[in-house]
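K.L.:
Residue strings, one per chain:
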Amino acid sequence: MKKVINAPENVVSEMLSGMEKAHGDIIRVVAEHNLVVRADAPVSGKVALVSGGGSGHEPTHGGYVGAGMLDAACAGSVFTSPTPDQMLEATKAVDGGAGVFYVVKNYTGDVLNFEMAGELAEAEGIQTDYVVVNDDVAVEDSTYTSGRRGIAGTIFVHKICGAAADDGKDLSGIKELAERVNANVRTMGMSLTSCIPPEAGEPIFEIADDEMEIGMGIHGEPGIERKKIEPANEIVDQLLGKILSDNVDFSGSEVAVMVNGLGGTPPMELYIAYSHVADVLEREGITVYGRPYVGDYMTSLEMAGFSVTLLKLDEEMKGYLTAPCKVAAGRPF
Amino acid sequence: MKKVINAPENVVSEMLSGMEKAHGDIIRVVAEHNLVVRADAPVSGKVALVSGGGSGHEPTHGGYVGAGMLDAACAGSVFTSPTPDQMLEATKAVDGGAGVFYVVKNYTGDVLNFEMAGELAEAEGIQTDYVVVNDDVAVEDSTYTSGRRGIAGTIFVHKICGAAADDGKDLSGIKELAERVNANVRTMGMSLTSCIPPEAGEPIFEIADDEMEIGMGIHGEPGIERKKIEPANEIVDQLLGKILSDNVDFSGSEVAVMVNGLGGTPPMELYIAYSHVADVLEREGITVYGRPYVGDYMTSLEMAGFSVTLLKLDEEMKGYLTAPCKVAAGRPF
Amino acid sequence: MSSLEKTLGVIREMARTVEENRKTLTQLDSAIGDGDHGTNLSRGFKAALESLESSSPGTPAEALKAVSMAMIGKVGGASGPLYGTAFLRASSSLGGKEDLSGEDVAAAIVAALEGVKQRGKAELEDKTMVDALEPAAEAARSAAGEGAAAVFRAAAEAARKGADETEPLVARRGRASYLGPRSAGHVDPGAASTALLFEAASRALEEN
Amino acid sequence: MSSLEKTLGVIREMARTVEENRKTLTQLDSAIGDGDHGTNLSRGFKAALESLESSSPGTPAEALKAVSMAMIGKVGGASGPLYGTAFLRASSSLGGKEDLSGEDVAAAIVAALEGVKQRGKAELEDKTMVDALEPAAEAARSAAGEGAAAVFRAAAEAARKGADETEPLVARRGRASYLGPRSAGHVDPGAASTALLFEAASRALEEN
Ligand SMILES: Nc1ncnc2c1ncn2[C@@H]1O[C@H](COP(=O)(O)OP(=O)(O)O)[C@@H](O)[C@H]1O
Ligand SMILES: Nc1ncnc2c1ncn2[C@@H]1O[C@H](COP(=O)(O)OP(=O)(O)O)[C@@H](O)[C@H]1O
Ligand SMILES: [Mg+2]
Ligand SMILES: [Mg+2]
Ligand SMILES: [Mg+2]
Ligand SMILES: [Mg+2]
Numbered sequence: 001m002k003k004v005i006n007a008p009e010n011v012v013s014e015m016l017s018g019m020e021k022a023h024g025d026i027i028r029v030v031a032e033h034n035l036v037v038r039a040d041a042p043v044s045g046k047v048a049l050v051s052g053g054g055s056g057h058e059p060t061h062g063g064y065v066g067a068g069m070l071d072a073a074c075a076g077s078v079f080t081s082p083t084p085d086q087m088l089e090a091t092k093a094v095d096g097g098a099g100v101f102y103v104v105k106n107y108t109g110d111v112l113n114f115e116m117a118g119e120l121a122e123a124e125g126i127q128t129d130y131v132v133v134n135d136d137v138a139v140e141d142s143t144y145t146s147g148r149r150g151i152a153g154t155i156f157v158h159k160i161c162g163a164a165a166d167d168g169k170d171l172s173g174i175k176e177l178a179e180r181v182n183a184n185v186r187t188m189g190m191s192l193t194s195c196i197p198p199e200a201g202e203p204i205f206e207i208a209d210d211e212m213e214i215g216m217g218i219h220g221e222p223g224i225e226r227k228k229i230e231p232a233n234e235i236v237d238q239l240l241g242k243i244l245s246d247n248v249d250f251s252g253s254e255v256a257v258m259v260n261g262l263g264g265t266p267p268m269e270l271y272i273a274y275s276h277v278a279d280v281l282e283r284e285g286i287t288v289y290g291r292p293y294v295g296d297y298m299t300s301l302e303m304a305g306f307s308v309t310l311l312k313l314d315e316e317m318k319g320y321l322t323a324p325c326k327v328a329a330g331r332p333f
Numbered sequence: 001m002k003k004v005i006n007a008p009e010n011v012v013s014e015m016l017s018g019m020e021k022a023h024g025d026i027i028r029v030v031a032e033h034n035l036v037v038r039a040d041a042p043v044s045g046k047v048a049l050v051s052g053g054g055s056g057h058e059p060t061h062g063g064y065v066g067a068g069m070l071d072a073a074c075a076g077s078v079f080t081s082p083t084p085d086q087m088l089e090a091t092k093a094v095d096g097g098a099g100v101f102y103v104v105k106n107y108t109g110d111v112l113n114f115e116m117a118g119e120l121a122e123a124e125g126i127q128t129d130y131v132v133v134n135d136d137v138a139v140e141d142s143t144y145t146s147g148r149r150g151i152a153g154t155i156f157v158h159k160i161c162g163a164a165a166d167d168g169k170d171l172s173g174i175k176e177l178a179e180r181v182n183a184n185v186r187t188m189g190m191s192l193t194s195c196i197p198p199e200a201g202e203p204i205f206e207i208a209d210d211e212m213e214i215g216m217g218i219h220g221e222p223g224i225e226r227k228k229i230e231p232a233n234e235i236v237d238q239l240l241g242k243i244l245s246d247n248v249d250f251s252g253s254e255v256a257v258m259v260n261g262l263g264g265t266p267p268m269e270l271y272i273a274y275s276h277v278a279d280v281l282e283r284e285g286i287t288v289y290g291r292p293y294v295g296d297y298m299t300s301l302e303m304a305g306f307s308v309t310l311l312k313l314d315e316e317m318k319g320y321l322t323a324p325c326k327v328a329a330g331r332p333f
Numbered sequence: 001m002s003s004l005e006k007t008l009g010v011i012r013e014m015a016r017t018v019e020e021n022r023k024t025l026t027q028l029d030s031a032i033g034d035g036d037h038g039t040n041l042s043r044g045f046k047a048a049l050e051s052l053e054s055s056s057p058g059t060p061a062e063a064l065k066a067v068s069m070a071m072i073g074k075v076g077g078a079s080g081p082l083y084g085t086a087f088l089r090a091s092s093s094l095g096g097k098e099d100l101s102g103e104d105v106a107a108a109i110v111a112a113l114e115g116v117k118q119r120g121k122a123e124l125e126d127k128t129m130v131d132a133l134e135p136a137a138e139a140a141r142s143a144a145g146e147g148a149a150a151v152f153r154a155a156a157e158a159a160r161k162g163a164d165e166t167e168p169l170v171a172r173r174g175r176a177s178y179l180g181p182r183s184a185g186h187v188d189p190g191a192a193s194t195a196l197l198f199e200a201a202s203r204a205l206e207e208n
Numbered sequence: 001m002s003s004l005e006k007t008l009g010v011i012r013e014m015a016r017t018v019e020e021n022r023k024t025l026t027q028l029d030s031a032i033g034d035g036d037h038g039t040n041l042s043r044g045f046k047a048a049l050e051s052l053e054s055s056s057p058g059t060p061a062e063a064l065k066a067v068s069m070a071m072i073g074k075v076g077g078a079s080g081p082l083y084g085t086a087f088l089r090a091s092s093s094l095g096g097k098e099d100l101s102g103e104d105v106a107a108a109i110v111a112a113l114e115g116v117k118q119r120g121k122a123e124l125e126d127k128t129m130v131d132a133l134e135p136a137a138e139a140a141r142s143a144a145g146e147g148a149a150a151v152f153r154a155a156a157e158a159a160r161k162g163a164d165e166t167e168p169l170v171a172r173r174g175r176a177s178y179l180g181p182r183s184a185g186h187v188d189p190g191a192a193s194t195a196l197l198f199e200a201a202s203r204a205l206e207e208n
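Residue numbers (full-length UniProt numbering), protein chains in the order written: chain R, 1 to 333; chain Y, 1 to 333; chain G, 1 to 208; chain S, 1 to 208.
If you're looking for bench data, these hints aren't it; they were derived computationally from the structure.
Glycine is no exception: its CB is placed at the ideal position from the N, C-alpha and C atoms.
There's no promise every hint is true.
Claimed, not checked - A partial selection of chain G residues facing chain R, derived with a Cβ cut-off under 7 Å:
#1 Thr26
#2 Ser30
#3 Thr39
#4 Asn40
#5 Gly73
#6 Gly77
#7 Ala78
#8 Arg173
#9 Ser177
Kindly generate the complete structure, drawing on both the sequences and the hints.
P.N.:
Pasting the structure below:
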């Protein structure tokens, strides 16, 4: 294992410390609970948005905390959901009296821990609600299973609901909007390599030099299919094919698009993939709204690979998607 | 070699095509010459900034084209300087009558090609000038050699001179400012892994699983020293030690700071490194001005590693550094 | 030896066993999950031991409550709230009792099972810890009349068998469910850790 | 066979040789540079052949000019402008001549050397292509009276020796100079390619 770290057990706290030193104008860090909190929290009268999940997906979620997006992010250990205690502390730190809304990715761990946190918060008199994001079309949906994973599409929930909360929408309005975004967002990913969680010290899986995993998650969970690596355009065709044949009718609509790098894939390759994504969408009569998101938005440490996300937009979503915000994941320019 | 590409020989043109489709509001691409040009070029009466270099360093340089930064970027083959023809075409595409300024990184190839381009442009009646950026303190400086490399500090030249050109500074003023930035910026890098240029198909060098290269360039050129990997803080101490003991006196000054990832290093590790950079600077009485640049700004494909850059600022530089700009390397938020 | 001392002995043996099997559990989780189950439980049991040091519980229920809080507060993931709920329900079922009968122990295990099923909504053959815990609870109930040691012995045997039998199953709950048919052919890490914990408990009581 | 045909034969053999040695040159460049020298020259010579196809040059100088333009226009890197300048100066030195003597060829090689040194500012023992080209030019001058084939034969031998002798040197120009002392112990890729090009030229003339 080769990493720029000091000690595997300290990666999360040292990373948060670095984020706080770099972005003190946007966020503050609550070190005892591994929380990233909006610098000016709590914002009185505003619904507060809290997300969180395992670490190792940076800039998700701490990078999305700030005016116009999240009020707090709870950082778990690498690839491990944070705990209800953390979530409760985050809830208390950001509650501005209008309730707290949790953006939860659909993993058993995340869901169970946020549920417990919600129970604890309600016991302390703070109103909470939540959405469980499950945008990953790689996994078949079924009520008899844990359902689909939440992956990169979650960023759109952060952005749109964050802007809506800033705009004064109340808790039930945020919930309705979040469910609507979730119902209209679909993602699918693939990977070329595994990654090494610092504490494990070894790759999560082995993969041959000419193989890829299709339908990859973001924690090194195996995908749904392993096969020989193919040209970028064919990979994109498969990911988009699965997204477009799912139960959201994208045809003729305006969409937000994300080509998300998993950490180890250079921008060159993401743009090569985006080039074909744009061609397929044009052929299908689907219009890309605004600026596409091409870059590393939700990563798996140093894993090579990418995902494609489409969000079918309505007028309200468009306004919130393009509203200004100020978060650490943005660039100084 | 595992990459999300279609064919090694097409990576540059397909990448540029993807960039154009994604960022048509900011840039246009001249496909015949692999140029990225500001969408509204030429801007009449403004000094135009042109940079360029081998591809594989994205978002450098095409990602920095746009209002307030570069007017054009010439994309060479991977890790190979572009040619005088390309540079001449870029020069003609962006010349707004006030002259064209080349930001050149100090590599024999880049310097020779830009020199030839300048001669060709002058022959066509376009006034040109240039700066050769050489911020890499890993390499000893000497007039009997090719001198120091230009690496991540170049981004600060783009940003500051880009804003100055927008502000109406003339060609000789830009030249003076560029030389001043270059004289006050110092960088040093390290790497943990090699990278694979698509056409070569193999790693540029082999490196053991417990080794690192100190003083790494951005093209897979070996660094100045190979040794056993060390904790992040010790690595930062070495890079900063070399920077601070060089001939720019940073003590008591305000600096712009960049912790630049080489492509394969996750944000987590960059923030762990930044955390210690901030501590060392504080101890040395050096103040970080504005927002530090922590992320992938000048990469080497998928190489793991990072560099640290310090720029000693004066009042004029500060104003231009924080002036607004709109480039593809920015985020939609 | 008091029931409190025995309970503490059981917890310590569980912690030791988790540490010893950390890598194995993580490897099982790498095959069909995200490779952290061993690390997760190890973090939880370390915190549990620390908490027991500093809090000096007065009853078996208090000791189990401390473990539960450590699991909920320090583990995260799916297994944190699930094992946390298991220990919490076991603790509640014991109430203020100081001397535990075989019946008490069996009832605590049954309560743990109910808590896990309620939280996680998994059923038998979903390829989760329930596949070890449910047979363990049944065996515990059958052996309830033979004393605590016999209850844990029976539970451990049943849990191990249940864990082994997860191997051919296709997961329907938890992270492994995302693999679909590819999850078959591997033992579920949570079922494996449940078996290890019962074996540890049984060992701790035999030794006394 | 006319001098033009011979020149075209030389260029084609150079292109073939570069293709054959692409990997080797790239590997030399990987050791002390950025691993693209073989790819760079291959791209240049392919473009040169295409340009010669489409332009049908009337004199040796025109053929060399086409090679020069391909190098400058398609190679990039350090070697593009340097080899481009070399071929350009060689072309200029020949002017409109149709029949080339040994003296003409030697003068062209000397002109190429001067162009490279002027552009790149490298001196002997800086560990660059100059270390092959300068001895080649001297040998060419000495053999000028013996005809073109002899000139290239002498140049090739001297270039190969010069290239081999770059191995122990510490680079002072080009990308390898960033390595400092670590650049010693490897042959310079540009010197190696210069030797290969002269050997190709010599071979092309012997064969006729
Ligand atoms: N819904 C559920 N009900 C019961 N057990 C579950 C459920 N979901 C997951 N598990 C158990 O949790 C184990 C995984 O735990 P762990 O790896 O620590 O958490 P995570 O999956 O969040 O990384 C699985 O092997 C399974 O036994
Ligand atoms: N200043 C110089 N003068 C002469 N030759 C040089 C000079 N700089 C570099 N070279 C030659 O160029 C070769 C490298 O060419 P190439 O790999 O194609 O370009 P780059 O170094 O830009 O990648 C070196 O091996 C060396 O022989
Ligand atoms: Mg986990
Ligand atoms: Mg090169
Ligand atoms: Mg797990
Ligand atoms: Mg090279």
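K.L.:
Please go over all the hints and tell whether each is borne out by the structure.
P.N.:
Outcome of the hint check:
Here the hint on Thr26(G) is kept, as its CB sits about 6 Å from the closest CB of chain R, short of 7 Å. Given hint, Ser30(G) at the interface with chain R, holds; its Cβ is 5 Å from that chain's nearest Cβ, closer than 7 Å. The interface hint given for Thr39(G) is met, as the beta carbon of that residue sits about 5 Å from the closest beta carbon of chain R, less than 7 Å. Interface hint status for Asn40(G): upheld, as the beta-carbon distance to the closest one in chain R is roughly 6 Å, under 7 Å.
With 7 Å as the threshold, the beta carbon of Gly73(G) comes within range of chain R, its nearest partner Cβ sitting at about 5 Å, so the hint holds. Taking 7 Å as the C-beta cut-off, the interface hint given for Gly77(G) holds, the closest approach to chain R being about 4 Å. Below 7 Å, beta-carbon pairs count as interface contacts, and Ala78(G) has one with chain R at about 4 Å; its hint therefore holds. Hint on Arg173(G) holds. Least Cβ distance to chain R is approximately 5 Å, under the 7 Å limit.
Nearest Cβ of chain R to the Cβ of Ser177(G): about 5 Å, under the 7 Å cut. The hint holds.
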